[in-house]
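If you want the building blocks of each chain, they are given just below.
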Amino acid sequence: MTRREFLRHYGIASSAITLSPFFLERFTKLSAATANLTRVYQVKNGDCFQNAAQLWQMLDGPAKYISPTDVVVIKGNAQWPNQGYTHTGCIKGVIDNILAIPGFSGEILICDNIQGGGSSGATGFDATTANRTNNWPDMNWNQLAASYQTSGKPVATVQWQNDTTWRTPSLPLPSWSVWNPANGPGWSRYFLSYSGRNTYLSYPVFQSPLTSGRMIDMKNGVWENGGYTGRNVKAIFMPTLNNHGTGAEDYAGVSSAIKSSFGATEIYHGSPYNDDYVWNSYYSIHSSSFTQSCAQCAGALVGNYLNNLYAPVWYITAAMYSGWYSRTSPTGAAATNTILACQNPVSLDYISCLDVISPYASWLNPANNNNTRNQMLGCSGQGIGTMDPQSIEVITYDFNNPTASRLDVDRKIRDFKAGNATEQDVKDIIGLYMESD
Amino acid sequence: MTRKAATLSFCLWALLIPAAFGFSSDNSSLTRSFNQTVGLTNFPIVVTATFTNGGTNALRGFYYADELPSAFAVATLSLTLNGQVVTNYTFEAGQDGDVYAGCTPYRWVLEQPPSFTDSNSMPPNATVQIVYSITSSAAGSFSLQQFSWAGYDLVNTNSSFGYSENADQQSVSFLTTITPPSVTGQFSTSGFTLQLDGVPWLSYLIEASTNLYDWVPLVTNTAPFSFTDTNAPGYSLRFYRGRLLLNFFTTATPPSLAARFSSNGFTLQLQGVPGFGYVIEASTNLYDWVPLLTNTAPFSFTDTNAAGYSRRFYRGRLSQ
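If you read the protein sequences in the order shown, they are chains A and B.
The first sequence begins at 216 in this note's numbering and counts up by one.
The second sequence begins at 7 in this note's numbering and counts up by one.
In short, the hints are calculated from the structure, not lab data.
Check the hints yourself; a few may be wrong.
[To be verified] Part of the chain B face toward chain A, derived, beta carbon under 10 angstroms:
{"#": "1", "residue": "E98"}
{"#": "2", "residue": "G168"}
{"#": "3", "residue": "P187"}
{"#": "4", "residue": "G191"}
[Said to hold, decoys possible] Derived DEER-like restraints, expressed as beta-carbon distance ranges:
{"#": "5", "chain 1": "A", "residue 1": "P283", "chain 2": "B", "residue 2": "E171", "range": "23 to 33 angstroms"}
{"#": "6", "chain 1": "B", "residue 1": "G103", "chain 2": "A", "residue 2": "P283", "range": "17 to 27 angstroms"}
{"#": "7", "chain 1": "B", "residue 1": "G283", "chain 2": "A", "residue 2": "F264", "range": "51 to 61 angstroms"}
{"#": "8", "chain 1": "B", "residue 1": "G103", "chain 2": "A", "residue 2": "N616", "range": "22 to 32 angstroms"}
{"#": "9", "chain 1": "A", "residue 1": "P317", "chain 2": "B", "residue 2": "L160", "range": "34 to 44 angstroms"}
From the three backbone atoms N, C-alpha and C, an ideal C-beta is built for every residue, glycine too.
Work the whole structure out from these sequences, hints included.
Set out below in structure tokens:
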């Protein structure tokens with residue numbers, strides 16, 4: 216649903232007004248309601264680079280969210296081959312625009328824990344050409360980072376390793392066991408009881424591969440020479456959009472934005488086969504949710520993660536291909552040519568599933584009672600995002616039917632005023648707006 | 007001059023000289039002006055935007071946008087096209103930071119493209135006037151931002167637009183309280199000279215009376231100022247007072263009080279702007295006033311003590 220369609224459908228773009236003070240009061244409130252909608256951005260039918268560039272433009276540019284000195288962590292989904300890992304071209308498209316921030320002197324790190332390492336040659340980091348079906352064929356993530364470094368760009372990959380040093384949490388729950396970067400790489404752990412089950416969530420503190428002695432603390436920022444420098448770490452989660460099962464729903468439902476936090480925390484020693492393992496009576500996020508066949512628990516624990524550890528500045532779902540049948544089968548994905556973005560994973564997954572993948576896989580329709588929806592219910596139950604269609608504004612750009620909005624016009628006028636656009640640029644976008652349906 | 011005074015000085019300048027439009031891609035013009043740039047919290051300041059189509063053809067799809075501090079509540083008071091009230095338009099708000107950090111875009115859309123079904127075509131030389139209020143519950147000085155317009159010439163498929171270049175560089179202030187003015191006086195060679203001190207650059211009025219009941223205006227100016235009443239020697243007794251010119255409320259209907267005796271006293275009915283706060287006060291000498299009840303209009307009040315007075319005056323006024 217486009218923004219215009221949404222406004223028309225729900226009657227928010229009211230066209231009647233009287234001068235009654237009562238009406239004015241109500242009208243003012245209507246406007247405020249419009250302003251409070253959660254936005255999901257959707258770009259489709261361009262190539263991965265066009266889509267990424269257009270998305271950043273719709274977000275008003277990366278510089279609005281990322282400072283030139285920031286360390287940017289792009290957390291992808293790396294574990295599975297083909298469409299199972301985040302589309303490398305989409306990652307490149309996102310990175311190219313960040314690198315174009317004037318004076319950018321930070322770092323960009325492409326990261327994931329790949330839940331125990333995956334199979335050699337079949338992960339996002341190292342996918343062989345044969346394992347790049349329904350993905351960007353040119354490079355895997357490591358090759359992409361290497362190509363940037365060859366041209367002097369500060370881009371690298373990091374596979375978050377697992378820390379075998381257990382720390383007993385201080386009670387009562389919830390409680391923190393904070394990792395000191397002076398001790399090298401490790402994990403800061405947050406202990407809580409969810410639904411009566413003691414669980415730990417954690418985020419990595421890791422060595423920058425680009426700057427010796429620089430530790431990246433996802434919550435507290437950059438650490439160097441014995442202290443935090445004040446330089447920020449900004450995370451962008453870039454999930455896939457895949458069915459977790461095979462030809463039908465399994466215990467997880469969709470693998471996308473909500474579930475992507477699983478790759479940003481520990482799952483016991485990274486082993487997918489021992490996720491029931493208990494450390495000092497505390498279970499991993501996987502053990503406390505999907506292993507219990509509880510998708511709603513997964514969403515709730517991710518909500519706890521976002522509320523208590525850190526939250527990314529954006530989620531960008533790379534759905535150039537959507538593995539509607541499975542997350543790995545070369546014949547089980549559709550070329551959906553879409554990328555989407557939102558600042559919360561619930562609304563993003565809702566729209567991604569509703570608009571992009573469920574037309575191919577009805578069992579992933581979040582309007583139905585299924586595990587995809589259960590993930591969202593659990594996460595939104597922690598106050599994260601919304602899955603109420605009336606509270607979501609979908610802003611779409613379709614390269615097959617280019618449009619512009621009044622917001623685009625206003626921003627272009629602003630850019631013209633600042634000397635960053637020409638008069639003709641403004642006229643062009645107004646012309647497009649006037650012709651947009 | 008203090009920074010605050012300098013700001014207020016600038017605001018006054020902005021008030022007196024409506025913000026002229028800075029850039030236009032054709033011969034159209036736009037101004038944005040304010041009934042005042044210093045107001046009270048929760049009371050509206052009225053903004054008037056006036057656009058004239060200077061193009062050679064009708065302008066279609068016109069909309070006006072104002073980037074206003076997100077702390078403001080914004081409501082439309084009127085929209086006219088060539089003096090005729092327009093009701094079929096869209097008033098919308100964007101989100102905080104959409105275009106400028108800390109600001110929310112507000113737009114008045116006369117026609118929705120591409121079909122322009124709202125039929126608010128704007129012929130050459132036509133004028134649109136949009137009057138809206140801005141209100142803040144938070145006190146402070148707020149920097150204003152860009153205002154702009156966009157339209158389309160269907161005949162030549164030509165876009166046109168304009169925006170405030172530097173005309174938007176002003177601020178408005180909302181105050182929680184305004185210190186009452188002080189008026190001191192002394193005899194001088196030419197009469198009786200009064201000195202009014204108040205909030206610098208706010209407008210005040212000095213009035214005079216011989217009976218504390220009937221007041222006549224003598225002078226209006228911005229504080230601080232002095233005034234010599236050269237007619238003073240002609241009076242055996244003359245009282246003076248200074249008060250703030252509450253042009254904050256120029257769009258609010260003055261309150262009215264209706265009264266009647268009732269079984270348990272004297273019942274008053276106050277009518278005013280719904281939702282605005284008013285106070286009913288009473289006096290026995292028209293000089294000393296005591297508050298009886300503060301409420302939001304409309305409301306009624308019964309003075310059960312009225313029977314205890316040989317005479318009692320009542321008045322209603324906006325509460326601050």
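These are the hints, each one checked on the structure:
1. E98: Holds, because the Cβ-Cβ distance from B/E98 to chain A comes to roughly 6 angstroms (cut-off 10 angstroms).
2. G168: holds, 9 angstroms
3. P187: violated, 30 angstroms
4. G191: With a closest approach of 41 angstroms, the B/G191 hint is violated.
5. A/P283 to B/E171: 23 to 33 angstroms: Check passed, 28 angstroms falls within 23 to 33 angstroms.
6. B/G103 to A/P283: 17 to 27 angstroms: Once the Cβ atoms are compared, 19 angstroms apart, the range 17 to 27 angstroms for A/P283 and B/G103 holds.
7. B/G283 to A/F264: 51 to 61 angstroms: Holds, at about 58 angstroms.
8. B/G103 to A/N616: 22 to 32 angstroms: For B/G103 and A/N616 the Cβ distance comes to about 28 angstroms; the hint holds.
9. A/P317 to B/L160: 34 to 44 angstroms: The hint (34 to 44 angstroms, Cβ to Cβ) holds, given that A/P317 and B/L160 are roughly 39 angstroms apart.
Violated hints, in rising order: 3 and 4; the structure is consistent with all others.
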